[in-house]
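Student: Sequence:
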Amino acid sequence: MDQKRLFLAIAISIGILLMFEIWNRPVREAQRTALQQATEQPAAPAPAPIGAPATPAAPAGAAPASVAEAAPRGPEQRIRVDAPRLAGSLSLRGARLDNLLLRDHRETVDPASPPVRLLAPRGDAHPYFAQWGWTAADGRTRVPDAETDWTADGTSLGPDRPLTLTWDNGAGVEFRIRLEIDRNFMLTARQSVANRSGAPIEVLPWARVRRESTPQTAGFFILHEGFVGVLDGRLVEWTYSDAKSEAEKRNGGPAFEVESSGGWAGFTDKYWLTALMPADQATRLRTAYRHVSDAGQDRWQVDVAPAAAQSVAAGTEAALDTRLFAGAKEVFLLDEYADRFNIPDFDKAVDFGWFYFLTKPFFFVLHFLGTLFGNFGVAIIVFTLILKILFFPLANKSYKSMARMKVLGPKMQEIRERYKDDPAKAQAEMMALYRTEKVNPASGCLPILIQIPVFFALYKVLFVTIEMRHAPFFGWIRDLSAPDPTNLFNLFGLLPFDPTVYSHFFHMPAWAIAMGITMWLQYKLNPTPPDPIQARIFAWMPLIFTFMLASFPAGLVIYWTWNNLLSIAQQYYITRADRAERKATAAAAPVKAKAKKG
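Quick note: the sequence shown uses numbering that gives the first Met the number 0, first residue 0, plus one each step.
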């Protein structure tokens with residue numbers, strides 16, 4: 000195998016992947032943050048809930064709506080949500096949890112910046128809420144709708160303060176929603192119906208999470224954002240664009256619908272998740288991902304409901320217990336919930352990607368080291384050193400082969416020139432040279448081949464795990480998951496303007512420059528390809544990679560730079576040792592020959 004061609008193919012493949020990732024980034028993280036902090040806009044008229052039929056007329060003989068309901072109503076009443084890690088409020092109109100802030104997570108690295116808003120009411124620019132309700136399966140029972148005003152038995156919802164919402168339909172049927180919240184991000188809802196009407200009824204309880212606008216996504220092809228869930232033991236992922244296309248094909252029907260036992264489903268953002276699931280994982284529910292377009296506005300919904308309506312005989316009750324996760328995708332917390340509530344593959348809410356078998360263990364190691372040293376940047380450096388030690392014997396063999404290949408460069412060039420009109424003969428002579436010198440040309444590619452999955456796995460850890468979000472290093476690096484903020488094109492802040500407003504290619508931070516320099520030094524230690532075209536491509540690779548990695552998370556660039564430095568030290572040591580060994584062998588050769596003659 001020709002080492003240079005293999006190495007070139009690998010390098011170009013990596014370059015294409017990295018360029019594709021950057022080229023497909025529709026907006027920068029700064030734009031996303033600005034959008035999240037946008038000023039609230041006036042509320043539009045509330046549309047009918049997706050998938051829920053209009054409330055049927057009251058059955059004959061039922062009590063009419065109260066005068067208070069018929070008359071113009073005052074503003075909606077709200078119940079405060081006060082938990083250690085969540086704050087916000089719940090609207091009694093429609094039983095909507097539509098105002099939720101994450102106390103522990105800020106919009107920016109500034110501790111004084113506002114907390115991240117996860118859920119928002121319809122008066123917000125981007126409404127996003129969870130809701131519980133019923134559909135009249137018998138077509139006659141009056142059920143609460145999106146504008147029903149509920150009655151609460153308390154003034155707040157907290158870990159030690161459950162809340163029950165009650166509504167009577169005036170015909171002997173009482174609907175209740177009992178809400179409990181833990182000290183993190185899990186809420187349990189028990190929807191019950193008490194039938195005192197004197198006749199059997201059929202109702203279908205449901206729970207849903209709804210977005211009334213398309214959220215701004217990060218736009219990275221290696222990161223999934225949109226519908227997500229594990230149903231029937233299978234990970235289900237739909238992007239917003241794919242779900243919209245599928246729903247249009249189905250003429251407004253659900254983009255995806257399945258009946259399954261247990262599981263979970265919801266919306267995933269880069270760091271945040273809202274997901275519904277049955278409280279008892281043995282419960283069979285029908286889960287649907289929906290999309291509708293209302294006056295040009297895209298609206299999205301995840302809903303769960305029993306596979307069949309509940310038949311409630313006179314004088315009896317029926318109930319449905321579900322859970323709602325609404326919070327940050329913290330790996331240890333997701334694993335804890337998965338174990339406690341038997342939630343299948345709940346950690347897959349974090350997009351660990353193809354290299355899951357590497358990415359999650361890498362996360363655990365980095366998290367342990369970060370906790371041990373108090374700095375995730377130091378954890379990356381120590382982790383890289385550990386990897387180098389683990390692969391030291393293999394890398395030594397590879398670098399030794401590369402050092403010998405560099406020595407053989409003149410002989411290889413001579414063979415190519417001598418047999419330039421006979422490629423087959425040239426290849427045969429080259430293989431004979433490799434055997435004589437005991438060199439494996441492919442072994443020099445092993446460090447790169449090993450580094451590819453390590454690179455992507457570490458990239459995933461830095462990019463998708465919230466534990467790395469806003470994690471500082473030293474100096475100007477205040478967030479390892481974000482790009483290095485310094486920039487050569489404004490003289491590292493001396494010039495008062497932002498060159499990236501013209502193009503993201505005008506971002507050249509200090510750590511990327513250091514990475515480019517170390518990559519160039521490593522290139523100089525490698526054998527120079529005899530092919531002039533290959534040689535020029537390899538010479539330009541450090542500069543190309545410097546520009547491509549400039550907008551990558553600072554933690555990844557630090558890893559690459561440190562890894563280059565360790566590789567340079569190791570390669571330099573092996574090259575010197577190999578040169579000394581060859582010199583000693585050459586010096587001993589005449590003595591051995593003379594001794595043999597004597």
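Warning: the hint list may mix true and false statements.
Calculated cross-link-like contacts (lysine-lysine; reagent style DSS-like; alpha-carbon spacing at most 30 Å) [stated by the list, open to error]:
{"hint": "1", "residue 1": "Lys387", "residue 2": "Lys243"}
{"hint": "2", "residue 1": "Lys359", "residue 2": "Lys269"}
{"hint": "3", "residue 1": "Lys424", "residue 2": "Lys437"}
{"hint": "4", "residue 1": "Lys419", "residue 2": "Lys437"}
{"hint": "5", "residue 1": "Lys410", "residue 2": "Lys437"}
{"hint": "6", "residue 1": "Lys269", "residue 2": "Lys248"}
{"hint": "7", "residue 1": "Lys347", "residue 2": "Lys269"}
{"hint": "8", "residue 1": "Lys419", "residue 2": "Lys523"}
{"hint": "9", "residue 1": "Lys269", "residue 2": "Lys243"}
{"hint": "10", "residue 1": "Lys424", "residue 2": "Lys410"}
{"hint": "11", "residue 1": "Lys387", "residue 2": "Lys582"}
{"hint": "12", "residue 1": "Lys410", "residue 2": "Lys523"}
{"hint": "13", "residue 1": "Lys410", "residue 2": "Lys582"}
{"hint": "14", "residue 1": "Lys243", "residue 2": "Lys410"}
{"hint": "15", "residue 1": "Lys387", "residue 2": "Lys248"}
{"hint": "16", "residue 1": "Lys437", "residue 2": "Lys582"}
{"hint": "17", "residue 1": "Lys523", "residue 2": "Lys437"}
{"hint": "18", "residue 1": "Lys582", "residue 2": "Lys523"}
{"hint": "19", "residue 1": "Lys347", "residue 2": "Lys359"}
{"hint": "20", "residue 1": "Lys424", "residue 2": "Lys387"}
{"hint": "21", "residue 1": "Lys359", "residue 2": "Lys387"}
The calculated label-pair distances, taken between Cβ atoms and stated as ranges, are [said to hold, decoys possible]:
{"hint": "22", "residue 1": "Glu416", "residue 2": "Tyr522", "range": "49 to 59 Å"}
{"hint": "23", "residue 1": "Phe363", "residue 2": "Asp421", "range": "54 to 64 Å"}
{"hint": "24", "residue 1": "Tyr522", "residue 2": "Asp231", "range": "16 to 26 Å"}
{"hint": "25", "residue 1": "Thr213", "residue 2": "Phe363", "range": "33 to 43 Å"}
{"hint": "26", "residue 1": "Asp344", "residue 2": "Phe496", "range": "40 to 50 Å"}
{"hint": "27", "residue 1": "Asp81", "residue 2": "Gln280", "range": "50 to 60 Å"}
These are computed hints drawn from the structure, not numbers from a lab. Remember, it's a predicted structure, so these values are computed and weren't measured experimentally. Cβ atoms here follow ideal geometry from the backbone N, Cα and C, with glycine treated the same way.
Student: Each of the hints needs a verdict: does it hold here or not?
Tutor: Now for the hints, and whether the structure bears them out:
no., hint, verdict
1, Lys387 to Lys243, "violated, 46 Å"
2, Lys359 to Lys269, "holds, 16 Å"
3, Lys424 to Lys437, "holds, 20 Å"
4, Lys419 to Lys437, "holds, 24 Å"
5, Lys410 to Lys437, "holds, 14 Å"
6, Lys269 to Lys248, "holds, 28 Å"
7, Lys347 to Lys269, "holds, 13 Å"
8, Lys419 to Lys523, "holds, 27 Å"
9, Lys269 to Lys243, "holds, 20 Å"
10, Lys424 to Lys410, "holds, 15 Å"
11, Lys387 to Lys582, "holds, 28 Å"
12, Lys410 to Lys523, "holds, 19 Å"
13, Lys410 to Lys582, "holds, 18 Å"
14, Lys243 to Lys410, "violated, 61 Å"
15, Lys387 to Lys248, "violated, 52 Å"
16, Lys437 to Lys582, "holds, 17 Å"
17, Lys523 to Lys437, "holds, 23 Å"
18, Lys582 to Lys523, "holds, 22 Å"
19, Lys347 to Lys359, "holds, 10 Å"
20, Lys424 to Lys387, "violated, 39 Å"
21, Lys359 to Lys387, "holds, 19 Å"
22, Glu416 to Tyr522: 49 to 59 Å, "violated, 24 Å"
23, Phe363 to Asp421: 54 to 64 Å, "holds, 56 Å"
24, Tyr522 to Asp231: 16 to 26 Å, "violated, 50 Å"
25, Thr213 to Phe363: 33 to 43 Å, "holds, 35 Å"
26, Asp344 to Phe496: 40 to 50 Å, "holds, 47 Å"
27, Asp81 to Gln280: 50 to 60 Å, "violated, 29 Å"
Hint violations for this structure: numbers 1, 14, 15, 20, 22, 24, 27, all remaining hints satisfied.
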